[in-house]
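K.L.:
Protein chains in written order, with this note's numbering: chain A, 6 to 252; chain B, 4 to 271; chain C, 2 to 241.
Calculated directly from the structure, the hints in this document are not laboratory data.
Quantities reported herein were computed from a predicted structural model and do not represent experimental measurements.
Backbone N, C-alpha and C define an ideal beta-carbon position, used for all residues, glycine too.
Heads up, a few of these hints could be off.
[Stated by the list, open to error] The following residues of chain B were derived to be distant from chain C, with all beta-carbon distances above 10 Å: (1) Val47; (2) Val50; (3) Leu99; (4) Met129; (5) Asp137; (6) Leu149; (7) Ala163; (8) Asn180; (9) Phe186; (10) Leu216; (11) Leu221; (12) Leu225; (13) Asn237.
[Said to hold, decoys possible] Pair ranges (Cβ atoms, derived): (14) C:Met54 x B:Val120: 36 to 42 Å; (15) C:Leu44 x B:Ala32: 56 to 62 Å; (16) C:Tyr147 x A:Ser138: 42 to 48 Å.
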Amino acid sequence: MAADNSSQAASAPSAAPAAPSGRPRAGVRFAGRDLGCVRGDRAIFAGLDFDLPAGGALVLSGPNGSGKSSLLRVLASLLPPAAGQLLWDGADVARDPEAHRARLHYQGHHEALKPELTAAENLGFWAGLQDKSAGAVARALARFGLADLADQPVRLLSAGQRRRLSLSRILAAPAPLWLLDEPSVGLDARSVRTLEAEIEAHRAAGGLVVLATHQPLDLADPRALSVDDFPPAPVTADDDPWAGALW
Amino acid sequence: MSTQAAAPRKTRSLHRFANPGRFLRLADATLPWLWMACALALAVGLVGAFTAPVDYQQGASVRIMYVHVPAAWLAMFTYTTIAVASAVALVWRHPLADLAARAASPVGASFTLLCLVTGSLWGKPMWGTWWVWDARLTSVLVLFFLYLGHMAIANAFDDAGRGRRAAAILALVGFVNVPIIKFSVDWWNTLHQTASVSRIGAPAIHSSMLWPLLTMALGFTLFFAAILLVRMKNELLGQRLRNLRAASLQRRGEPGAAATGQPAHAES
Amino acid sequence: MPKTAPETAAAGGDPGPGLILGFARVVARDLRLALRQRGDALLAVLFFVLTAMLFPFGIGQEPNLLQRIAPGVVWVTALLAVLLSLERLFLRDYEDGSLELMALSPVPLPVIVLAKVTAHWLTTGLPLLAAAPIIALMYGLPAAGYGILLAAMALGTPTLSLIGAVGAALTLGARRGGVLIPLLVLPLYIPVLIFGVSAVDAQMAGLSARPQLLLMGAGLLAAVALAPWAAAGALRQAVE
Numbered sequence: 006m007a008a009d010n011s012s013q014a015a016s017a018p019s020a021a022p023a024a025p026s027g028r029p030r031a032g033v034r035f036a037g038r039d040l041g042c043v044r045g046d047r048a049i050f051a052g053l054d055f056d057l058p059a060g061g062a063l064v065l066s067g068p069n070g071s072g073k074s075s076l077l078r079v080l081a082s083l084l085p086p087a088a089g090q091l092l093w094d095g096a097d098v099a100r101d102p103e104a105h106r107a108r109l110h111y112q113g114h115h116e117a118l119k120p121e122l123t124a125a126e127n128l129g130f131w132a133g134l135q136d137k138s139a140g141a142v143a144r145a146l147a148r149f150g151l152a153d154l155a156d157q158p159v160r161l162l163s164a165g166q167r168r169r170l171s172l173s174r175i176l177a178a179p180a181p182l183w184l185l186d187e188p189s190v191g192l193d194a195r196s197v198r199t200l201e202a203e204i205e206a207h208r209a210a211g212g213l214v215v216l217a218t219h220q221p222l223d224l225a226d227p228r229a230l231s232v233d234d235f236p237p238a239p240v241t242a243d244d245d246p247w248a249g250a251l252w
Numbered sequence: 004m005s006t007q008a009a010a011p012r013k014t015r016s017l018h019r020f021a022n023p024g025r026f027l028r029l030a031d032a033t034l035p036w037l038w039m040a041c042a043l044a045l046a047v048g049l050v051g052a053f054t055a056p057v058d059y060q061q062g063a064s065v066r067i068m069y070v071h072v073p074a075a076w077l078a079m080f081t082y083t084t085i086a087v088a089s090a091v092a093l094v095w096r097h098p099l100a101d102l103a104a105r106a107a108s109p110v111g112a113s114f115t116l117l118c119l120v121t122g123s124l125w126g127k128p129m130w131g132t133w134w135v136w137d138a139r140l141t142s143v144l145v146l147f148f149l150y151l152g153h154m155a156i157a158n159a160f161d162d163a164g165r166g167r168r169a170a171a172i173l174a175l176v177g178f179v180n181v182p183i184i185k186f187s188v189d190w191w192n193t194l195h196q197t198a199s200v201s202r203i204g205a206p207a208i209h210s211s212m213l214w215p216l217l218t219m220a221l222g223f224t225l226f227f228a229a230i231l232l233v234r235m236k237n238e239l240l241g242q243r244l245r246n247l248r249a250a251s252l253q254r255r256g257e258p259g260a261a262a263t264g265q266p267a268h269a270e271s
Numbered sequence: 002m003p004k005t006a007p008e009t010a011a012a013g014g015d016p017g018p019g020l021i022l023g024f025a026r027v028v029a030r031d032l033r034l035a036l037r038q039r040g041d042a043l044l045a046v047l048f049f050v051l052t053a054m055l056f057p058f059g060i061g062q063e064p065n066l067l068q069r070i071a072p073g074v075v076w077v078t079a080l081l082a083v084l085l086s087l088e089r090l091f092l093r094d095y096e097d098g099s100l101e102l103m104a105l106s107p108v109p110l111p112v113i114v115l116a117k118v119t120a121h122w123l124t125t126g127l128p129l130l131a132a133a134p135i136i137a138l139m140y141g142l143p144a145a146g147y148g149i150l151l152a153a154m155a156l157g158t159p160t161l162s163l164i165g166a167v168g169a170a171l172t173l174g175a176r177r178g179g180v181l182i183p184l185l186v187l188p189l190y191i192p193v194l195i196f197g198v199s200a201v202d203a204q205m206a207g208l209s210a211r212p213q214l215l216l217m218g219a220g221l222l223a224a225v226a227l228a229p230w231a232a233a234g235a236l237r238q239a240v241e
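Same shape as in the complex, but just chain A (with noise of 0.2 Å):
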């Protein structure tokens, strides 16, 4: 699809294309066309678009099983979408997807920490990896409450610590883009609000933010996206049987 279909862009209110200068906060801009997804043999959605500029935050809505963790792993390039394409400040995600990697913080079900390293290894260790310098590991910490707790090993924390020591990671390596797959669950009321206010710290400074939630953040002017909204083709028997079929 080419980039001139914005105005079909299901969940811009303003379809008004941002002129993609040469000042870097301007452009920056996160958009996908007539994106498709099939996992396994089933077409989960089909011909979803949508339009982020800078600063915007992307809030995914749908029962279970409609396809928010499937479009987030196709945001993050996990997951190479069926159809359609990713477009970064105009530019095709696939065309260079170690950069697009580099641009992005993806925080998905799973916690991905090591029981046996102690919570400031496992994070400086995911901050090394994203970033040269790996500073920003103490700041994370002590933004989630987990200063004191910076040398114990992770086996040793509480569900609820590990949560918010997973969560961490995003704030310990800069990235313009987040994407975050429920990230309010386990967490108590008063990490809510310190992620709500990192969210909207992030926002301020030009990042984009794709969420998919059930419990409602307090964030301002989101944008929603309903995925199950873009159903793909129903498999019918005469007119076309193979639709979506073989991959």
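Based on these hints, arrange chains B and C on the given structure of chain A.
P.N.:
Frame of chain A, contents of chains B and C only:
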């Protein structure tokens, strides 16, 4: 944007990957001819094999060659086919190439097994033992295990697509390794050469034995092509069946249409 | 601070830690993990020694025979010990989600695979190398054979780890994954076994082991060049 209006476009976008319908028509048109040519080649080859002169050393047991050697050729040819199809599947993501690689694997394994069994049967009168660690036999045995690995991994995943792609990578890795394994086994064999092992299939083969051999090889190749088409057709029809089931389930539970495809696919 | 995030990354200024630093950080992390759970690495060596101990029970204790089969026994048991350790190469990272984050890091996945294989070899291959002379001693290998045995193993065991990484990556998430790995990997191990044993045999027969060692070196280089890519391709599929 209304969902209904967008539906036809979506169908196209997910559907552009393959047109199995055309493949099925092509296969149906080709198969009778393939089977006929195959039967003809095998018949002529067999007549030739049984009228060809016997070897003055080996006697009539040399006739095993007319099955053994084509089976060995086809074992290697099939693995090459799988590797090429896997490369096409990985690079261009063409579903039919994937299907071909997966369908060819058990056929290749059967040829390899046939080669091993006939080799063993031939070895008994020639070497006085059922199995000799001859370089060729050993290489073919390794090839057999490569086939088994390919078949096993293709079926080892709940997500069939994952199995197909893992099998494709394995086929390519194996293909790179086949010459290395062959070379090392030859090396090993020359180091541990025993006097009783004589080399079979020496270059000096008389033309009266060569033409039945080549005809048999042609027959085997045609058989491979035909059985491959049948297996691919079978797989595609199975998929159509699953789709029809999914469609009928969808009609029954109309409102939640998007999710109802799942149960039918879960069996696959 | 995340405040500067979009500016730095969108300006396209060299994201990520770079190849060498990324490689070193993964190696350091895997070594630290291995150090904190020493049992896993020791298990492979223990298996190596125990299996090698079984052969005299099976075939008798005739010194000439044991001496003749010593290189073969060392190699076959080392190969099986490596095989035993392969499943844990990626499995834990796969199960706890670390693998998908690695696949999303700016460090190219083949480099991460190479780093993980390096750490695997340091914790599995190197201890085997250290234990091999003990087994050779118990089998009465003549003194002339030790140097070549160690040289061949130094070239061969990294190749085993590299090839094994492809098998381990391919079987992630498979039903019966652990049983599948030997089926996929053992046929590919045959050349290493043949040349490894042949090198020692040649040395003991008074011939030069140079060709075997050169071939093993070539095999190692080819494996370093190709296996990380194949394994990375398999890992990408696993984290889809």
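K.L.:
Confirm or reject each hint.
P.N.:
These are the hints, each one checked on the structure:
With a least CB separation of 37 Å from chain C, Val47 of chain B remains clear of the 10 Å interface cut-off, as annotated. No beta-carbon of chain C comes within 10 Å of the beta-carbon of Val50 of chain B; the shortest separation is about 38 Å. Distance to chain C confirms Leu99 of chain B as a non-interface residue, since its nearest Cβ pair spans about 20 Å, more than 10 Å. At roughly 25 Å from the closest C-beta of chain C, the C-beta of Met129 of chain B stays outside 10 Å, upholding its exclusion from the interface.
The claim that Asp137 of chain B is not at the interface with chain C holds, since no C-beta of that chain comes within 10 Å of its own (minimum 15 Å). A beta-carbon of chain C is positioned within 10 Å of the beta-carbon of Leu149 of chain B; the least distance is around 5 Å. The claim that Ala163 of chain B is not at the interface with chain C holds, since no C-beta of that chain comes within 10 Å of its own (minimum 12 Å). Look at Asn180 of chain B: its CB is around 5 Å from the nearest CB on chain C, not clear of 10 Å, so calling it non-interface is violated.
A Cβ of chain C approaches the Cβ of Phe186 of chain B within 10 Å, the least distance being about 8 Å, so the stated non-interface status is violated. Non-interface status of Leu216 of chain B relative to chain C is upheld: no Cβ of that chain comes within 10 Å, the nearest being about 29 Å off. Non-interface call for Leu221 of chain B relative to chain C: holds, since the shortest CB-CB distance, roughly 30 Å, exceeds 10 Å. At roughly 29 Å from the closest C-beta of chain C, the C-beta of Leu225 of chain B stays outside 10 Å, upholding its exclusion from the interface.
For Asn237 of chain B, the requirement that its beta carbon stay farther than 10 Å from each beta carbon of chain C is met, with the minimum near 23 Å. Taking the beta carbon of each, Met54 of chain C and Val120 of chain B are about 37 Å apart, inside 36 to 42 Å as hinted. Distance hint check: the CB atoms of Leu44 of chain C and Ala32 of chain B are about 59 Å apart, consistent with the given range 56 to 62 Å. One distance hint, 42 to 48 Å for the beta-carbon pair Tyr147 of chain C and Ser138 of chain A, holds here, with the actual separation near 47 Å.
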